[in-house]
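So the protein lines, in turn, are chains E and C. Numbering of the first sequence is given in this note's numbering, commencing with residue 211 and proceeding in unit increments. Numbering of the second sequence is given in this note's numbering, commencing with residue 211 and proceeding in unit increments.
These are calculated hints, taken from the structure and not from any lab test. Hints should not be assumed to be uniformly reliable.
To be verified - Counterexamples of contact, computed for chain C against chain E with all Cβ distances above 10 Å:
{"id": "1", "residue": "Asp341"}
{"id": "2", "residue": "Glu385"}
{"id": "3", "residue": "Arg479"}
Said to hold, decoys possible - Here chain C is said to cover these stretches of chain E; the calculated rule only asks that three of the stretch's residues, wherever they fall, bring their Cβ under 8 Å from a Cβ of chain C:
{"id": "4", "stretch": "224 to 230"}
{"id": "5", "stretch": "352 to 363"}
{"id": "6", "stretch": "398 to 405"}
{"id": "7", "stretch": "465 to 478"}
From the three backbone atoms N, C-alpha and C, an ideal C-beta is built for every residue, glycine too.
Protein chains: 2
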Amino acid sequence: MTSDEKWFTEKCDDSGSSFSLKVTQKLHEEQSAYQHIEVYATEHFGHLLVLDGYIMLTALDNFIYHEMMTHPVLFTHPDPRRVLIIGGGDCGCLHEVLKHPGVTQADQVDIDERVTRVAEEYFPELCVSNDDARAALHFVDGIKWVEDAAPGYYDVIIIDSTDPIGQAARLFSQEFYASCRRALGENGLLVAQSESPLLHRELIEAMQDRMVSAGFAEVTTCYFPQPTYPSGWWTATMACNDRALPGFRAQDAVDRGFTTRYYNEQIHRAAFAIPEFMNVSLDLPVD
Amino acid sequence: MTSDEKWFTEKCDDSGSSFSLKVTQKLHEEQSAYQHIEVYATEHFGHLLVLDGYIMLTALDNFIYHEMMTHPVLFTHPDPRRVLIIGGGDCGCLHEVLKHPGVTQADQVDIDERVTRVAEEYFPELCVSNDDARAALHFVDGIKWVEDAAPGYYDVIIIDSTDPIGQAARLFSQEFYASCRRALGENGLLVAQSESPLLHRELIEAMQDRMVSAGFAEVTTCYFPQPTYPSGWWTATMACNDRALPGFRAQDAVDRGFTTRYYNEQIHRAAFAIPEFMNVSLDLPVD
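Bound conformation, chain E alone (with noise of 0.2 Å):
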């Protein structure tokens, strides 16, 4: 790297290691009332949206974790239709639910109001579907959101959280997961990101013991590649609240006339299949 280039780097701690996009120009930053935002122009990458110091998304791979949290939960839900995500201030997971026409109601519960005027100015893709009539977008915290929520109301909620440090953690409890499922009707499915399978195994290992301590009746875990958050593979865990996960409904993935880029039936399917290291608790080859 030479003196003249301009880097963003995310380092990892968890890791020892750092990746980093190279930028052509800082488009924004702020300090909002709950965290520093800040807004790149990068080579290839697209725009980068970094909050607190970690990427939160590029234009250029965004699409593999959105949709990755998005099409899977709905198309194994028999039928969705009121949908709550928590976090999301980027609104890429809001974009991708409301492209199921049988989606009544999306709920965005996002504290930070600013992380979605800058997605609006900045990621304008992401946001094509803010003004659509069942999206409602509520700026406040959605831990007592859902405890709010009237019992049984939603059909589906998404935890599309930051990393679990600070305020976050709270999104990762059992208490929270428990509060959820009170929120959730019948067949109610819950997916919530959870991180790396390389170097958050135990995180994700919690994660299902928490849910099912919660009384969730069945958890899994689906795999997918994410470019730019540390290892470049990620997780989102499902579960469903009162009885055995239903089943893919396949046949309407393959009908879904919308467009998708990195989701299909197959990649839905694919998704689930179990690393070995993950089936069977081996070491991997540094622990």
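We have chain E already, so just place chain C on it with the hints.
Below, chain C alone, put in the same frame as chain E:
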């Protein structure tokens, strides 16, 4: 990164990105007749092998690559006995190949003997099969080896090459694929590492085209995470020389009787799911 920390950084010009690992010690450095070889101890990823400045492998995550370069092709061939590995001087593929009891001969042909000697010292876990009576290590030019091979001699050829830069570019050519095809017997299968779907889609498509142009009957690509390679997401492209790809020997994979850390029967099937943007040549958000 404070000034007393030491990092190894690989810059990926294709993508304006770089990946760094925190190192505790440089264990080895030499200029062989063919390339610059370095080995580091890292904080979290174990030993790191670097060739000409590019990360070849780390102790932590090479299992995914080596298992996915070998077991899918070996459990697709109906009865693989004679296997040729081009490149692969670190011996990781060789070790996985020799886990298959039906294999009677595994020739590893890497021009640089120094890579193997360095691997024996710093990655002994990859070299445990080097003394297997079925293994033969040849330190000569792989292209000439394939040209000189008896027609129809091999059941499986594995191209475990570096990136398509400099001398290694010839290992991605139609002429070389035609030469491999001639050296393969009935039902013979070729597999080649084929870079990142996110960053090198055009190369993957070109490799598929070149294999078909070289006379291979059917070509398919499998996808897997590879955390320390650019984008953290990688592929291997497989081709069958004289007829459609044979079916997956799924029960044999279930009953394999040897340890893997990533590969299993579910993962095998999952790896061949094609992401939508590769399936229908959709534009990526930033192209």
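Going down the list of hints, with the structure as the test:
{"no.": "1", "hint": "Asp341", "in the structure": "holds, 21 Å"}
{"no.": "2", "hint": "Glu385", "in the structure": "holds, 31 Å"}
{"no.": "3", "hint": "Arg479", "in the structure": "violated, 7 Å"}
{"no.": "4", "hint": "224 to 230", "in the structure": "holds (count 7)"}
{"no.": "5", "hint": "352 to 363", "in the structure": "violated (count 0)"}
{"no.": "6", "hint": "398 to 405", "in the structure": "violated (count 0)"}
{"no.": "7", "hint": "465 to 478", "in the structure": "holds (count 8)"}
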